[in-house]
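There are 2 protein chains.
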Amino acid sequence: MDVLNVKAASRTYPIYVGEGIRRDINYLLPGSYTSVLIITDEAVSGHYLEDVKEGLDQSRVFTHVIPVGEQAKSVDIFYQLHTKAITCGLDRQSLIIALGGGVVGDAAGFAAATFMRGIDFIQMPTTILAHDSSVGGKVAINHEHGKNLIGNFYPPNAVIYDIQTLHTLNKQEIRSGYAELVKEALLSDADFFHTLMNRNLASLTNNELTEDIMRGIRIKASIVETDEYESGVRTYLNLGHTLGHALEALLGYGKWTHGELVAIGLLFAIRVSEGAYDTNLPLEKLYTWLKTNDYPLELPVIDAETIITKMKLDKKANNASIRMVLLKEVGHPCTDNIDDADLRVHLTSFLDELAKQAKNGG
Amino acid sequence: MDVLNVKAASRTYPIYVGEGIRRDINYLLPGSYTSVLIITDEAVSGHYLEDVKEGLDQSRVFTHVIPVGEQAKSVDIFYQLHTKAITCGLDRQSLIIALGGGVVGDAAGFAAATFMRGIDFIQMPTTILAHDSSVGGKVAINHEHGKNLIGNFYPPNAVIYDIQTLHTLNKQEIRSGYAELVKEALLSDADFFHTLMNRNLASLTNNELTEDIMRGIRIKASIVETDEYESGVRTYLNLGHTLGHALEALLGYGKWTHGELVAIGLLFAIRVSEGAYDTNLPLEKLYTWLKTNDYPLELPVIDAETIITKMKLDKKANNASIRMVLLKEVGHPCTDNIDDADLRVHLTSFLDELAKQAKNGG
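Keeping their order, the protein sequence lines are chains A and B. Taking UniProt numbering, the leading residue of the first sequence gets 1, the next gets one more, and so forth. Taking UniProt numbering, the leading residue of the second sequence gets 1, the next gets one more, and so forth.
The following block holds chain A by itself, in its conformation from the complex (with noise of 0.2 Å):
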């Protein structure tokens, strides 16, 4: 099992990774409680459920099953989590463990740091893509406006990571969590983004997934570690996500998985990157290895304009214009304002180049 500890402004945190530790829960648990909620979704319960309720050694465990996606994140769920919390006699003294991906985290996370004022919590990851989201203490709920509007900082009180729950994901998903750790890749390592551009998503080895998950998280953890609320560099890990979350609001949450479309957030940034920097990245590499690797890349029409529209209700975009995360190279990131015409044009034409490219085959 490998360990590694997070320093939040709040409190330092430890992440362990390693293979069937969801069955040694009751060892890694960072306190003694009075009770015990596990939050989980439809598609993790039947799998990974038990094992964790069985690996507790605690008389009062409740549990609360989620729908799948990212319907699971409105405020109704939002609170029905607080009227589970509440008749179970949940107290300051519980726990709420969040069993699942990055939907389970960020609803448990927020209903945790909501509950009587912030209770201990524990995200207990079943993805490759909720490497990211369960390490730097974001959690939030969606508003119809807009994704993960509503919510806190507040960092877990443990990451408990069993590979082993990696094995029960289909393809769709390793898609979405690789394109996050593509994007780590292109932030800071340009040796690890090569290495990614080498994987086969149809054939990954056990070995392979420990490996780049525990290198994304040194990732997500430094950069995090720097800067806990969003304040300078923490900025860079959205790259990407301007125009990802802008297409997941259009799109409909769950039709697209969330990393498929930062990946096409991935290629549009790097695109605006060679435009603004006149600096060589690998885009060609990079959209060869997600055809390669099935990425959807096709997206139905949609008005340039109606996407700037959607950015601009991003939580991330200032008041006046968007603010992007770009790359000078790979390793170095920065942000910059773009403004309306120059990303119209961009937008435009990056779509145009899409479609043609998806009619021609890729």
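Be aware that a few hints might be false.
[Claimed, not checked] Simulated pairs of lysine-lysine, BS3-like, Cα-Cα distance not exceeding 25 Å:
# : chain 1 : residue 1 : chain 2 : residue 2
1 : A       : K53       : A       : K84
2 : B       : K84       : A       : K312
3 : A       : K84       : B       : K312
4 : A       : K359      : A       : K171
5 : A       : K7        : B       : K7
6 : A       : K359      : A       : K285
[To be verified] Label pairs and their computed distance ranges (CB to CB):
# : chain 1 : residue 1 : chain 2 : residue 2 : range
7 : A       : L251      : B       : P300      : 50 to 58 Å
8 : B       : Q93       : A       : I302      : 28 to 36 Å
9 : A       : K7        : B       : N5        : 25 to 33 Å
Keep in mind the hints are simulated off the structure, nothing from the lab. The structure displayed is predicted, hence computed values, not measured ones. Glycine is no exception: its CB is placed at the ideal position from the N, C-alpha and C atoms.
Given chain A's structure and the hints, the job is docking chain B onto it.
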């Protein structure tokens, strides 16, 4: 104008108390902001909203008026506040101002704490009661199963207290505010307690009001500085609230004011203290003062068991038994677990006596 600085874990913030300072707000802002959203309620908006708007030298000022009373601390209104903030284009460099009593401060503060994971906010209390809630960083909304169950610790960036705004308070609101002042005096200042017992709430002078509020704020601030997250001495601030909150939930928010029910809770806490510690507390003195100042001390018939069940849902209750704040003497609070049987005996005879005294005209 008086200034007091409060040191919270995450930030130090100033409390300004003075006459007419709602008009000077622009000079008291703790930063510069892209937009300002003033949240107030239907009772306060007609009196002071325009003054605050005019006091702001700011091009993007928005206002939102919520209903009066605890009903405004619903999850629906919480969501509406987010909708307003989003559609007005607030971003992370924006400010929310809570102009009103404790309800406005709690609801607007929780919206600020969770909008894009937290933006700046200022408390502008317009009631005596709000001297308490505006200091200390507790923000929350209600769940149908209990008050303030959904919330955060999120200190304001400043508190701007214009005591001129207290002129529009009705008698019930004055009683409500003074009950919390009495609580603070009981916790830490026998001299202040005796001063309060000589106040006639029907004829308070401006000087008396200013003096009492400043003394209350100092007591509150010194306690929350010691224990922001309520793991220790801050619990003492719940003196009178175990019963007070339960009664509030059972009698319906809004019929009695918060402070009026806390006053009944204070009598009960003193009574239990006398039984537990063989001490002589000013029970008669407080009862007489409450009666003289028209506090409603006659409750509808409620079963002690129903009240105990409600107390256990309160977020301050540990799982097993009720933990109450008690007094060894005025200025010396402590906490103690009261088992259900004892509580039942105390509560039954307390309710009987209240009813008897009400029948006998006090």
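Unsatisfied constraints (hint numbers, rising): none
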